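Sequences are here, hints too, so could you generate the full structure?
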Amino acid sequence: MKAKHQRLTLALLALAAVVIAGLLALSALKDQAAFFYAPSDVRRDGLPLGRAVRLGGMVEGGSIKRAADGVTVHFVVTDGQATTPVVFAGIVPDLFREKSGVVAEGQFQPNGSFVASNLLAKHDEKYMPPEMAGKMHETKTLK
Amino acid sequence: MMAEAGLAALWLAGALAALQLVMAAMAVARDRAEVVAAVRPVAIVQGVLALLAMAALVWVFLDSDMSVKLVVENSHSAKPWIYKFAGAWGNHEGSMLLWVTILGLAGGAVAIFERSLPERTLIATLGAQAAIALGFYAFLLFSSNPFARIVPAPADGLGLNPLLQDPGLAFHPPTLYTGYVGLSVAFSFAVGALVTRDVGPAFARAMRPWVLIAWIFLTLGITAGSYWAYYELGWGGWWFWDPVENASLMPWLAATALLHSVTVLATRDGLRAWTIMLAVVAFSMSMIGTFLVRSGILTSVHAFAVDPERGAFILALLALYIGGALALFAGRIGTVRAGTTFDPVSREGGLVANNLLLSVILGIVLIGTLYPIVAAGFGVQLSVGPPFFNKAAGPIALLLVAVMAVGPLLRWRRDDVRAVILRAAGPIVAAVLVALALLPIWPGLLPWAGLSLAAGLAVASVAPLWKRNLRRTPLFTYGMVLAHLGIAVSLAGMASDSAFTKETLVAVRAGEAARVGPYTVTLDGITPVIGENWSALEARLTARRGDGSRILRPQLRFFANPPTNTNESAILTVLDGQLYTVLGQPDGQGRWQLRLWWKPFVTLIWLGGAMIAIGGLLSLLGRVRRERRVALRESWA
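Protein chains in written order, with full-length UniProt numbering: chain A, 1 to 143; chain V, 1 to 637.
These are calculated hints, taken from the structure and not from any lab test. If you're wondering where the values come from, they're calculated on a predicted model, not measured in any experiment. Among these hints, one or two may not hold up.
[As the list claims (entries may be wrong)] The calculated EDC-like cross-link candidates involving lysine to aspartate or glutamate, where the alpha carbons are at most 16 Å apart (straight line), are:
1) A:K65 x V:D587
2) A:K65 x A:E98
3) A:K4 x V:D343
4) A:K4 x V:D587
[What the hints assert, rightly or not] Chain A regions said to be covered by chain V (calculated; three or more residues, Cβ under 8 Å):
5) 17-25
6) 59-73
7) 82-96
Where a beta carbon is used, it is the ideal one built from N, C-alpha and C, also for glycine.
Next comes the structure, spelled out in structure tokens:
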């Protein structure tokens, strides 16, 4: 093979690699693009069953209830338009409290509730997940 | 006074960078001997001045000089000295100053140590380095002055985010930045070589140590960052696909590809244009990393700035440098002669496959990291999480491991497929044996493939030492063997952690016990503890396994400045894994939440990381020693 041809082959291979990366990423993104849900998204788009997703919103005032086993927490996430009941077994983050932002990772159940495997509310008191900030903004302008 | 001295040093360093750029341009364009001789000293002095500015900033932090705005916002006089020290770069302005300091020092080091490059290419390289530095000096001086005063000076500072009050923070950013900046040197070399049309093996040999240094520091930074997140955040995870983590992973992937292609260029004179391209891409990735972390686009513990103007500034620099380099590349690449050719089945072919697979992974991580940002630009809020990255990048990474195992078994130029299969027999047998042995306890598809491949890779990694005179084997061969073995060790740790971790979550009273993996953990009691600038509730846990018992003390910490709580996990490390314990909240009825993990062989992840970095170091020493020997021989001849 001549040097010129080899360069061409390598360039084509590199191009193919980039295309493969793009296709792989896109196919995975199609499944995962709607990774973040607010309670009202569910009402609009239906329940994303059988997938790990993030649910974001505010913890509704007075909704935090601890179960008798000492490790399970029930609370309600709201985005001002809709609400979703959440169950979480674990150590809640330090900044998890009523009327503050929370992002829960987990799965929706067929009855519309959400079982969280992880709660994100870490970081400092000023922290608000970027998706959250967006959602709250949207909610305010709609009102 | 110290703040003014620092600011003056910074202005002088910036002015020298401008001078360095102009002189380098004159020297390259007109070949003026007196100007050529002056470029090196200017680069050295510029580095020293940047270092002085950084030293001044560290001084005002240690001194708790509350008339400096940055100190007020990010420090507190009651803080332990090590965090005052680290606090100097635990914020936006300070970390950018650290960036440019390392950049200046790296330029100075090139000016002092680089002797193998032709003079003109070296001068062009220093010019490119000055151009990069100039942008960052301008950024600091015009939009992020770290030495700005505050009037009137408050009595005390606001404190440092307690999550950042950890020894890990003191060393993590400097390590990572050295890596980023090392790639800027590689980039400057590429620009220099393009300017003087001097792309060849000599250029590759000169560039390789810098790529190696950058790569070693990136490896260390990522490994240490992963361990830091693991024990400090108390989530029991070691990688979250957080955009900030991706910001350091992307340059590492590009640097790994560059490291392998530069070897082909240095030893076989192949892949010329590709290597130049990778040098540009690798530095682009460190710029994108800086942009992501510094722009305020991301909200994370690591992202300090929430000022869009700064993000725009870095984005403009990014566009200028990358755009300029790509334009130069497009204009000049036609004049770069093609290198020597090789057979598809050859060491070169293996390295090309390695490069392509690394590029694919890089592409996936890049898309996953930037997609939410681009989508946000169109008003769509979404986030891309671990499921995406694991699904898209995981299989490619495993394929890469397979290529990695075979690569070093191939001969340069051309090889025979049957001979290769014969040589790969040992690794294949090892992989198949492990795969079969795991079938009865099926750990899941990816961990199963990971463990089998790790076994195959481990055998394949040491194969290049087979039947060799070990005393005459060059140091860089040992480096490669150790680095590849490190990947196998890391992979085994990751697969073992994801397949065999046991978790227990309970609420217990003092005296009650919980089981996790091979351990029985008893809560002995809770006591209050006072630290230097925090108070805590500390649990005393007794972990029993067989006859032995050990005490662990996880804490719930309360910081006053700023008021924050943190969870301090307690980790017991034993030969076959780690017991990870976290204390949660009380339930109000005398019970305490405990979260316990048993993570078999999880330590292999970071042990592997350390092996990879040490492998890189051995390679570097081996290369430098050989170059010196060659240079000596030539000077005698």
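Now for the hints, and whether the structure bears them out:
Of the supplied pair hints, the one linking A:K65 and V:D587 holds, its CA atoms being roughly 11 Å apart against a limit of 16 Å. Distance hint between A:K65 and A:E98 is fulfilled; the C-alpha atoms sit about 11 Å from each other, no more than 16 Å. A C-alpha spacing of about 14 Å is found between A:K4 and V:D343, which places the hinted pair at or below 16 Å, so the restraint holds. With a C-alpha separation of about 72 Å, the suggested pair A:K4 and V:D587 falls outside the 16 Å cut-off, and the hint is violated.
Check result for the segment 17-25 of chain A against chain V: holds, 7 residues qualifying (beta carbon to beta carbon below 8 Å, three or more required). Look at the segment 59-73 of chain A against chain V: 4 of its residues bring a Cβ nearer than 8 Å to a Cβ of that chain, three or more, so the hint holds. Taking a C-beta to C-beta cut-off of 8 Å, the segment 82-96 of chain A contributes 6 residues in contact with chain V, enough for the three needed, and the coverage statement holds.
Going through the hint list in order, the structure does not satisfy hint 4, though it satisfies all others.
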